[in-house]
Every structure is written in structure tokens, then in C-alpha cells.
Amino acid sequence: MRLTRVARVGAIVALLSMATTACVSESGAGANGEAGGNDNTSDSIEIMYGFTGPGSDKFQASLADFAETEGIDIQFSPTPDFNSLINTRVQGNDLPDIAIFPQPGVMASIASTGALADLSEVVDMADLEENVVSGALAAGAVEGTQYAVPLMINVKSVVFYPKPAWESAGYEAPATLDELDTLTKDIAATGTTPWCLGLESGAATGWPATDWLENLLLAQQGVATYDQWVQHEIPFDDPVVIEAAGTMEELLLTEGHVNGGRSAIAANNFATAANPMFEEAPGCFMYRQGNFVAEEGGFPAEVVSDLDTRVGIFPMPGLTPEDKPVLGGGDLAALFSGDNEAAQKVLQFITADGFGDEWAQQSGFISPRSDFDPANYPNEVTAQIAQLAYDSTAFVFDGSDQMPGAVGSGSFWREMTAWVSGTQELPATLANIEASWPAS
Amino acid sequence: MVSKVVIAALAVIAGVGGTVILFWALNKVAEAFPPKAQERIKPYLFILPAFLAISLYLIYPALNTVVYSFANARSTSFVGLSNYRELLQSPSFQSTLFNTLLWIVVVPVATIVVGLLVATLADRLGPRGEKSAKTLIFLPMAISAVGAGTIWRFVYASNPPGQQQVGLLNAVVVAVGGEPISWLQLSEGRLNSFLLMAILLWVQAGFAMVLLSAAIKGVPVDTLEAARIDGAGEGKVFLRIVVPQIRGTIITVFITVLIGVMKTFDIVYVMTNGNFNTNIIAVDFYNQLFTNGNTGYAAAIVVMLMVAIIPIMVYQVRQFRVQEDQR
Numbered sequence: 008m009r010l011t012r013v014a015r016v017g018a019i020v021a022l023l024s025m026a027t028t029a030c031v032s033e034s035g036a037g038a039n040g041e042a043g044g045n046d047n048t049s050d051s052i053e054i055m056y057g058f059t060g061p062g063s064d065k066f067q068a069s070l071a072d073f074a075e076t077e078g079i080d081i082q083f084s085p086t087p088d089f090n091s092l093i094n095t096r097v098q099g100n101d102l103p104d105i106a107i108f109p110q111p112g113v114m115a116s117i118a119s120t121g122a123l124a125d126l127s128e129v130v131d132m133a134d135l136e137e138n139v140v141s142g143a144l145a146a147g148a149v150e151g152t153q154y155a156v157p158l159m160i161n162v163k164s165v166v167f168y169p170k171p172a173w174e175s176a177g178y179e180a181p182a183t184l185d186e187l188d189t190l191t192k193d194i195a196a197t198g199t200t201p202w203c204l205g206l207e208s209g210a211a212t213g214w215p216a217t218d219w220l221e222n223l224l225l226a227q228q229g230v231a232t233y234d235q236w237v238q239h240e241i242p243f244d245d246p247v248v249i250e251a252a253g254t255m256e257e258l259l260l261t262e263g264h265v266n267g268g269r270s271a272i273a274a275n276n277f278a279t280a281a282n283p284m285f286e287e288a289p290g291c292f293m294y295r296q297g298n299f300v301a302e303e304g305g306f307p308a309e310v311v312s313d314l315d316t317r318v319g320i321f322p323m324p325g326l327t328p329e330d331k332p333v334l335g336g337g338d339l340a341a342l343f344s345g346d347n348e349a350a351q352k353v354l355q356f357i358t359a360d361g362f363g364d365e366w367a368q369q370s371g372f373i374s375p376r377s378d379f380d381p382a383n384y385p386n387e388v389t390a391q392i393a394q395l396a397y398d399s400t401a402f403v404f405d406g407s408d409q410m411p412g413a414v415g416s417g418s419f420w421r422e423m424t425a426w427v428s429g430t431q432e433l434p435a436t437l438a439n440i441e442a443s444w445p446a447s
Numbered sequence: 135m136v137s138k139v140v141i142a143a144l145a146v147i148a149g150v151g152g153t154v155i156l157f158w159a160l161n162k163v164a165e166a167f168p169p170k171a172q173e174r175i176k177p178y179l180f181i182l183p184a185f186l187a188i189s190l191y192l193i194y195p196a197l198n199t200v201v202y203s204f205a206n207a208r209s210t211s212f213v214g215l216s217n218y219r220e221l222l223q224s225p226s227f228q229s230t231l232f233n234t235l236l237w238i239v240v241v242p243v244a245t246i247v248v249g250l251l252v253a254t255l256a257d258r259l260g261p262r263g264e265k266s267a268k269t270l271i272f273l274p275m276a277i278s279a280v281g282a283g284t285i286w287r288f289v290y291a292s293n294p295p296g297q298q299q300v301g302l303l304n305a306v307v308v309a310v311g312g313e314p315i316s317w318l319q320l321s322e323g324r325l326n327s328f329l330l331m332a333i334l335l336w337v338q339a340g341f342a343m344v345l346l347s348a349a350i351k352g353v354p355v356d357t358l359e360a361a362r363i364d365g366a367g368e369g370k371v372f373l374r375i376v377v378p379q380i381r382g383t384i385i386t387v388f389i390t391v392l393i394g395v396m397k398t399f400d401i402v403y404v405m406t407n408g409n410f411n412t413n414i415i416a417v418d419f420y421n422q423l424f425t426n427g428n429t430g431y432a433a434a435i436v437v438m439l440m441v442a443i444i445p446i447m448v449y450q451v452r453q454f455r456v457q458e459d460q461r
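Those sequence lines, one after another, are chains Y and P.
Those letters in the first sequence? Residues 8 to 447, by the working numbering.
Those letters in the second sequence? Residues 135 to 461, by the working numbering.
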């Protein structure tokens, strides 16, 4: 009796499983050549992006007038979980018209499915090649085809210091890595920890440590080796990486070099980690981080409102004083609806000269164009940071943002956290990251 | 706004009306058969829509997932058992499995113990005391797991030494003169996993308490009195008389909490995203699928979870049948 029932159930299951014989998907589903995967041609377009809060409001405001004049109806879809959501939408063939990627790696993997449109005929490439910071433009290209253009950039290799305390102590901005090392040791000798460092960032804990490693590797080895490392043409645990990590260890992880001690780094939130700098007796003198930390939510409110007098900056130095490599990031706008005129106009608008003036004035925006009028920036500090990008000898995109998700948003963050907090040795850390690189 | 209300109303009307029409039509189809056959066919016809829906949304995806677990990351070609082999051989997945096992063993037992404790003790209070105690314990059930995670974030939060401690635990530690500890990063002895389990326990204890309290109140008072007359102490009364008589409820609660634990995702994802050795299966699945985009691994993980849950479901169905027979 039981047997016949089991047999019946088994038969039904077998029947249904035969229905799934066409079970593996064809690669390139949804590919549409140069026109992109979305065939929406109306004036009603959707822009999907990954930053929320005040930045999102300012972005929408920056497009409001243009959309009204041109008669375009823009539906904005901000989301804090952009990477997961864009992958879901691509797989589900529910594509937006324009997507603004915070990570070129994600953009590249979606471009390889054929869902993005070639932008070389859509935007004025000659103008962009001349005026946009070249590293930012290059980050939007995949194997020679331009799939995305930068909306805005941020600079990550900036060192902040508390201006009043710094100047009264008589310190000077170092011009080379060696000078930075000496300065670190000098400050440590006075009994104050020279650096502040915080890795905590919820599910993304560990990314500031990856920025440090990338910055040092870039400074020590130059752009070519850096690119090889990011593209996995050299292994992750190559000797040059070990050397950069060694410098990081010397600067940051030596006893007495970081505020709070080595064991507190991983639990220290990255946005507020620099705050001891601004106390009467500074808890540290230097904080290397991206420019976005100098806004509300990061530095204390009274510092942010008085940025130019309270905060000074210098760029992370290279090997020699002439070396000015800059590590940065940004948001890249890509087009899914290649044939949509409204979307094309929006892309032309945001990459053209003159975009972003009001946004920059409200802070939170650095233009990728070197011909942007620096008077638009709300304070000296932001203008100086923007100038670092324009004057750089090489502007490269954040490495972990370019690596495949399994590494750049996964093992790289995790393993670096484990190493910095002292629970794992360096060789094992680098070997683990190397092992996690997906075999493509 | 108005258009959304209109669309919603139309959807309700279409949904309900459509279903009515569907069953009316199926009934008509059944009536086309001779009466004897009609009685046999009708049940199957009426079940048909629900069965189709379940097949489409439950059975087909499940089978598809099993098939994908034998395919590669982008599901474009078969790779046989290599997904399973690679996962089971990787130390991080073994750690994930071990953590999940720890959760499975500890949380249901702890939930029942706490539930029993509160149920028994609240029973001794006066009616108002009992009500307020039970309400307080039950309140956390109303919060989502993410909300619970946010609340407990402020309990476990840690700031560098010298700065003011925002986290409750660390404030206490510093007040008695210690150094602040970053609790969620302490993976020695899997302490951080236990701290995360405490959150799930806090959320689930109310559920266990309510069911167990009802069961305890259903124990016949004569048996308790008889035991006390015979000289049994309170502990013996509880363990030898009360517990065996509420066995059925204890098992139900155990299984429900167990299944819930195996699916736990939000708490670990929100607090640590599986870092610091706290990873469990559901979080690993999410990361493999959405962060790494590796469909093969994600499918393999989920199939393993499904295989692990099947014995429990079989047991639960059997228990249910036994109870039905006893009615």
C-alpha cells in the first residue's frame, strides 16, 4: 500500500523533472548587440543608481530642469543594495534605461552579457577624452568599447589632518613615502598615535584596509603593475603585494601607531574613526580616506561646517615628489536602452561641460571633468581634493571595485579584516584571496 | 495614488471573481461525466488549480535548482558533482556547516528551556503579574529579525578604548574597569555565534512560552497533587510529571523553532554578514548567489539544506498523522 503511493509520487516527480530537460540556460540570453538589452524608445525612462540620502536628492534635482525642458519623464530608482539588485534585474530581463554603477567590475560583467550599449556614438568621445580624468574614463571601457561614462568621481588617496594642531606642532606634509614613514615615527615618538584607522562598515567591513593596500601598491609599483594585479595577470600574493602589505604593517599595525590599538581597528566605524583628531589633545594626526568622509555623518558636525580652518589635506605620496598617483572611485553611468533618444540626451547632458554646478555647491559632488570651475566647490578642501585628481600623474579606479564580486566584495574585505585584527598571518591572508579568485 | 487604489480594487475583483468563475467552470466540466465517474473525478478537478500553482511555483523551481546545482556558475554547462565536492572540501564552507550545526543544536533547546522556565514561573505569579510577564517576553516576536538585529547592534557595539562606549555591554565592561571588547569579532570558542544566537532566542522565546504555557495549564491538577502527596519535591514534580505530559507540545515547538533556525538569515547578515566565523548556510547561499553570482554553488548549498530538512519534515508529518489518529 505504502509502496504504490510512493511509486505514484515518484512517477509524478519523474514526469515533472522531464519537463525541466531544457535545463541549462543559453549563454548571452538577452544579448542585443550594440543596441543594448532594453528596447524602450519612449520619453519615459528609468534611471537606477546606488546612492541614497541627500546625495540622491541632489542628483535628482540636478536633472529636474533638464528633464522638464526636454520633455523627458525620468523615474528614479535609488537603492542601497545596487549590486544585488542590478544582477537580479539583468537576469530577470527587467532592465532600467540608465544604470549608474558604483563599481566598474559589476558594470564589466554585465557588459559581457551584451546588455549594455556602446556609448562611443552617444556621447562626445573627443570632448571626454580631452577633459575627463583619463583613469575615470578608462574605467568605463571594457576591452576597448566604452560602455560607461563617469557621472562623478571621488578621491580616495587623501590624508586628512587637524589643521590647527598640525601647524602648531610644526609638521609638514610628506612628499614621498619615505618621508611619510619618518613622519609617522616622529609623531609616534612624541607619545601620540599618528594614525587613525577604522574598518567597520556593517556587511562591508574591511574595505578601508583594501584601499590602503591598493594605495600603497599603486604608489610603490606604478600604474602598470597595479593594473596587472587588478586584472589578475599577476597573482594576488605576488611579492610586490607582499611588499606593499609590509609597508602597511610598518605604518599602521606597529604598536603605538594607530589610535585605539590594533585590536580595535576592525570594530571602529570608518566614518567616525577620525574624530579623535579633532579633540583638544588630538588622538591622532592623520587619517587616510576618501573625500566623502568630510561630510555630515563622518567628521563631527562642527568640523564639517568649518572645514577650511579645521581640516587640512595632503595627497598620499608616491616614491618620488614628482610621482602623483591618485586612487579614486566614482559612479559610472551606462546605457541599457541604446536606441532611446531621451536616455541618450540625459547621458550627453551629464557628461557635458556645465553639469553639476549646483550639485557641487551643495557639496557631495566632484566633477570628473578637469575643466570644471573650482569656484563651484563649497570649500577650499573640496577644491583641493578635486585638483589632486586633475593634477595626478595617474588616476586609477579602486581595485576592489574592479575585481570580480567574489573577491572585491567578498574575500578581499574579509581576509584583510582578519589580517588587520591579528587573527591571521599575512601569507595565509593573501593566499586565501588568491584562492578565492573565480576561475573564468 | 487614485490609479493605484483603482488597480488594487480591480485586482481583488478580478482575482476573487476569476477564481469563482474557474471553479464554476470546473464543476461544469465534472458534470459532463456520468454521475459515478463524477464523484471520483470532482476532487481531482478541484485540486487541479492549486496543484498547478504549487507545481509551477514550488516543484518546478525546486527541481530546477537541483539541476542547476550540477551546473557551473553561469548555468551554461554541467559540471557533475564538482560544486558539492569543492564546497565540502573548502574550509570556509566546513566552518559554515559547523556553525549551522551549532545553531541547530543550541537554539531550539535553549528556546524550549527558556520558554518552559518563563511559563512555569509566570504560572506562580498572580494574574496581573502573569499577564505582564508574558506580554513582555512575547513582545520581541512582533519585531522583524532585522529590527531585532538593529536593537542588539546597540548592545554589542564597540568603540575604541578611550572613546565613549555606545554599546550596552561595553558600557558595563568599562564601568567596572575593563577594556572595551568588540564582541561580534570574538570568534574564539565561537563566542560571537552564541551572542547572535541570543538574539534569535530573544525573538523566539515568546512563541515557545505561549505554547508551553497553554500545555502546562492543561496538565491535570490531580496528577500534580498526587505526586506532592507522595512526597515529590517541586523539581521532581516538574521533570517527572509535567514534562512527560506536555511532550507533544515540546516536540512541536522544537520542530518549529528548528526549521526556523535552519532558515535564519537576517540576523547574521545584518550583524556580521557571516564574517568573523559566524557564517551560516542561508547567508552563504545569499552571498554566493548575489555577491559572487555563482549559481552553481548557491544551488548546491540550498540543495544540501533541503536534504537536511527533509528528515525533519518527514518526522513532523508522521507526528501529525499520529496525532490525527489519536483524535
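These are computed hints drawn from the structure, not numbers from a lab.
Every residue, glycine too, gets a C-beta built ideally from N, C-alpha and C.
A hint or two may mislead.
What the hints assert, rightly or not - Covered stretches of chain Y (in silico footprint by chain P; criterion: 3 or more residues with CB under 8 Å from a CB of chain P, positions within the stretch not fixed): (1) 88-100; (2) 215-229.
Stated by the list, open to error - Chain Y is nowhere near these chain P residues, computed Cβ spacing over 12 Å in every case: (3) 144; (4) 225; (5) 404; (6) 420.
Unchecked claim - Okay, the calculated bits of chain P under chain Y, using three or more residues with CB under 8 Å as the criterion: (7) 148-162; (8) 426-432; (9) 446-458.
Taking the hints in turn, this is what the structure says about them:
Interface restraint, the stretch 88-100 of chain Y with chain P: holds (4 residues with C-beta to C-beta distance below 8 Å; minimum three). For a cut-off of 8 Å, the count of residues in the stretch 215-229 of chain Y with a CB near a CB of chain P stands at 0, and the three-residue condition is violated. Every C-beta of chain Y lies more than 12 Å from that of residue 144(P), the closest at about 22 Å, which supports listing it as non-interface. At the 12 Å boundary, the C-beta of residue 225(P) falls inside the reach of chain Y, the nearest C-beta of that chain being 9 Å off.
At the 12 Å boundary, the C-beta of residue 404(P) falls inside the reach of chain Y, the nearest C-beta of that chain being 8 Å off. The claim that residue 420(P) lies off the interface is violated: its Cβ sits roughly 8 Å from the closest Cβ of chain Y, which falls inside the 12 Å cut-off. A count of 0 residues in the stretch 148-162 of chain P with a Cβ less than 8 Å from any Cβ of chain Y is obtained; the coverage claim is therefore unmet, three being the minimum. Coverage of the stretch 426-432 of chain P by chain Y holds in this model, with 3 residues showing a Cβ closer than 8 Å to a Cβ of that chain against a need of three.
Given as covered by chain Y, the stretch 446-458 of chain P fails the check, having 0 residues with a CB less than 8 Å from a CB of that chain where 3 are the minimum.
Comparing the model with each earlier hint shows violations of hints 2, 4, 5, 6, 7 and 9; every other hint is respected.
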